[in-house]
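Below, each chain spelled out in residue letters.
There are 2 protein chains.
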Amino acid sequence: MAMRTVTFLPSYRKIEVARGTTILDAAQRAGLNMNVVCGGQGKCGKCIVFIQSGKAEFDSQKYGRFFSEEELQKGACLACETLVQGDLHVIIPENTLIQEQKILVAGQENPIELRPSVKKYYVELLPPTLSDPSPDLSRLLWGIQKSGGPVAEKMYAPLEVLREIPSVLRHSDWKVTATIALVPGGYRLIDLQENDTSKRVYGAAVDLGSTTIVVYLWDLLSGRTVSVASNYNRQISCGEDILARVNYARKNGLSRLQALAAESINQALTSASNTAGIDREDIYEVVVAGNTVMTHILLGIDPAYMIAEPYVPVVRRALSVAAGRIGITCNPNGGLFAFPAVSDFIGGDIIADILACHMAERDEISLLIDIGTNFEVVLGNKEWMFSCAGAAGPALEGGEVLFGMRANPGAIEKLTIDPDTLDPRYSTINGIKPRGICGSGLIDLLAELLTACVIDRTGRINTTIDNPRIRKTGHFPEYVVAWADETDIRKDIVITENDIKNLIMSKASVHAACVTLMKQAGVTHTEISTIYFAGAFGNYLDKKNATTIGLIPEIGFDQIKNIGNGAVAGANIALINRRARKTLDEIAYKIAYIELNAESSFMDEYTSSTFLPHTDLSLFPNVQKMLDACRIRKG
Amino acid sequence: MAMRTVTFLPSYRKIEVARGTTILDAAQRAGLNMNVVCGGQGKCGKCIVFIQSGKAEFDSQKYGRFFSEEELQKGACLACETLVQGDLHVIIPENTLIQEQKILVAGQENPIELRPSVKKYYVELLPPTLSDPSPDLSRLLWGIQKSGGPVAEKMYAPLEVLREIPSVLRHSDWKVTATIALVPGGYRLIDLQENDTSKRVYGAAVDLGSTTIVVYLWDLLSGRTVSVASNYNRQISCGEDILARVNYARKNGLSRLQALAAESINQALTSASNTAGIDREDIYEVVVAGNTVMTHILLGIDPAYMIAEPYVPVVRRALSVAAGRIGITCNPNGGLFAFPAVSDFIGGDIIADILACHMAERDEISLLIDIGTNFEVVLGNKEWMFSCAGAAGPALEGGEVLFGMRANPGAIEKLTIDPDTLDPRYSTINGIKPRGICGSGLIDLLAELLTACVIDRTGRINTTIDNPRIRKTGHFPEYVVAWADETDIRKDIVITENDIKNLIMSKASVHAACVTLMKQAGVTHTEISTIYFAGAFGNYLDKKNATTIGLIPEIGFDQIKNIGNGAVAGANIALINRRARKTLDEIAYKIAYIELNAESSFMDEYTSSTFLPHTDLSLFPNVQKMLDACRIRKG
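Keeping their order, the protein sequence lines are chains L and V.
Going from the first sequence to our numbering is simple: count from 1 and add 603.
Going from the second sequence to our numbering is simple: count from 1 and add 603.
Treat the hints as calculated values from the structure; they're not laboratory data.
Careful: at least some of the hints might be erroneous.
Stated by the list, open to error - Think about it this way: if two alpha-carbon atoms lie no more than 30 Å apart in a straight line, the pair counts; the simulated DSSO-like pairs of lysine-lysine are: (1) V:854 - L:1185; (2) V:985 - V:749; (3) V:757 - L:757; (4) V:757 - L:1185; (5) V:757 - L:854; (6) V:757 - L:1193; (7) L:757 - V:854; (8) V:985 - L:1185; (9) V:778 - L:757; (10) V:757 - L:985; (11) L:778 - V:854.
Unchecked claim - Under 7 Å between C-beta atoms, here's a sample of chain V residues computed to sit facing chain L: (12) 729; (13) 731; (14) 908; (15) 911; (16) 921; (17) 924; (18) 927; (19) 930.
In this text, a Cβ means the ideal position worked out from N, Cα and C, and glycines have one as well.
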């Protein structure tokens, strides 16, 4: 096989690969994780690299749409579609590396009481004698009990550990470290190591998303996070969304998808372990929160029956399995705990959100909203809970909007509009020249256009305004957010009336879902103590603007909270505190699931919500005051 | 490969084998289990066959000692040492087949309350609908609960079964049979089958002996034995006794011995399943009682530390493992339960004896004696128990006795002597001409020689008696049990004074052990309500003669009971009644182990016991009366 050397800049990392290897594969083998949302299919245009020197094969005609002329002249190509021919020097722009992606890794930072289900005990035993010939296992378990561990009779050793005991005890001169995990059935001796390794006991909390995977690595002795890592979900190569992946599984079997899920987690675990400088064998427990389909796939359970009527998951309860059994590489006897689900639509990620915001522990009523391509809403308190889910449409994630984009570098994420000049001020992710607008930017844009009276409450652009930013060049009237020369894409970035219509439809779905649950529970917006936003979308959202456009019911702005990546925050809690874990099935069973399509009131609520903020302004008294003030000001 | 046809007579079973295959292998493949005590090493001479026609290779010089001239002329050879050359017709004498061996398979036949830990439930479920979209697992578990099974929340499904659920439910049109096993940690769903298979639920109780394996197959629905099978322990090819096998493991690793133990059990399971006409996949549980070393080896746990000071087992508690994990082929999710042990010398087989004779459930004091090459003695009641073990020497099993032999066909097993003519009457195993004397026959012989005044209480033969049966041809005086022409071996079968000495030493060890335990507990022979004999030896033993020679303390003959194969009888109870199983660890922990070598009184007792029946005749008042009567009668 002809081997070629690829040198990646600016890090000067070198790797030898066979001729014909893609640059993406070469980079991955060199330990450089690229941003490949589509899983390396040449679809997302995220894995841009520049060939500085050497021969490579790339069809710049076919993929030209992803690049400006200038970029193509500089040797731009897609790493996933470029084949190494000769020795290469390849420049990877910072934004192409996945570390630079704005994956939400920070969960809620409230301190969690440290009660892990895995503990290590260092014990020094007296060797057996003729007068004390008790068996190795008893001797060990008594030693553990004396060192503060569980009662000897309540501990047990699985066969694989039992078989190790006699040699480990004797090789270590009877000085060993035992790892005990609390599992259903008792305290399980999951590892026995020579000498004192009691300081090395780690666990991982995993947010298993359809797009990205986030891992928090915890020191279970000190109760501190030691590192965080993220990875894209490599299943993307089998389908961009859940539906596509389940269909892939129906056609090709589940094993590849299962292996890709495990591999994606393993890569994140490796990277988190490397960052923290720990041995992966010292990770004794992995806690995973994911949606119901992702969890089924990871566990190798057929998700097929969830995507067609009557939408039935195989299992909803929490599951504990041997991590190695499903291909997760941590300690060979390490366990994996998967969050329970309510239904196929309300999965373990939402249960984790609930755990993270503590809404199931309080008397006050809270509303939890998790928005992505789909949205999930939960309303309730420690006594009762209602939930529902729906398709928000892709608008809030930047889809179906001309210059919409995901929260990647170059996305406008914050924006204000000067009410007099109508000029915007914006900031972009990573502070580079704008390439588009992401969800939080779009919400800002909508609210600012409304309060600047550029649009009316139906979303129509007032084309009578005499301002170069308001124009009609194509089918629809539009507002120019950024002029071509200030952008990275050399084009005017605009928002059209059609974009605005799509955005309003999306926000109306979310609002109508909230109101449907409130009606179901007989609760008015004044009774809601807190609205929690979970997920990346909520985290960067301007609370006031979200209320102004009527994405959510109006309550005090200070009552709106972002819990960030609630899935990983909840997984963190369940990892660190086994008592919290015990409540999960109870929470899941408590939550009633409301099928929105079966609720006639939902459509009415939806229609009423397709105004900014709503047909009934009395539900948004503060927004009304603000709009009145703006109108007066504008004359 | 050149293939040859071997036809076995009288069954006319045919098998095609490669030229050069041993006749033993050919017979095994034809489903004919031969008696190969040595494991096929040409050492035991048990696998005698006769070549009726055809060409075979056998060294009749080397193995001539196993045959009479007449046999050799008839084409006798050892199946394990004979290679197939041409097409063959081979006669297998009945005695060569293992079914004909006197392996003790009958355990205690008391009815056992039926409370198995594995149950099947046939359930017909309503398919999910939009208004009832509960998950497959919940639907199934609720169905099981409604059909009289455990509470749904207390049941759980391991991953391998969980993965099967959706397809089995749908393929069977929601009519399925679930198998639930009670395990530590709850009720485990171990199997899910289409349609109604609830009548097919079986379990196996196994006596894992160092020499032989006995399997009882039970119908767990009706609580009846459906078949019984036995097999020699194929580990014999790695060493005849426990010590040799542990040394083999130290040298070569444990894996071969482990695999041979599993294979030996598997063969017996197959043969029992075939007899009963059941599918081995319908065996859901296997309960194994074996000595501590055998149990360690079967579980793949190193037994090395048990054969040298300070004699430490790795584990003594009862263990539940996945049967497939250690190579036992039953249902893929079937469980294996291994009896606990007290020490390296008092193993699961003795705990099974205790369960079988119910001595741990009674107020009255019992004495349990299990005699083989080694012996184990347990004294106690439901409050307390003492145990000890020792080497009886091989005499009681027919070793170290000139014409002693194991309980194989042709062994004299019962014997009386006419006090006037001194002629014996005897019966042999299978009623064929005698080839030697086995343990029970030797006990009879000793007692009868004593009461006929042929020997005195020290075991010396009275050579002054004028009778052709009493003579001195070699080193020692001897008594002729059978004249050459009435035997199968064409030699006089005799017992020598030296044989008698060895027998007395063996019986003295057992008696001294009993007395040592009694002294330890402060119990006299009058306080013992029952003496139980366990094992093959005890089963064929004449109680009166055993007392007469002082093998055991004298109590009423009707207080002496044979429990037969107590190991399998105890395993049966534990299989059929899970409550009994729960008491085992408690029993094992209750038993104090007395190290005889550390008890100074043991040697004194031993010396006192080297008389027939004992130096102190007042301990044997009935024997004394009888001996007095004999002496008077003889003048």
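Could you tell me which of the numbered hints above are not met by this structure, giving the numbers in increasing order? Per hint list: 1, 2, 5, 7, 8, 9, 12, 15, 16, 18 and 19 violated.
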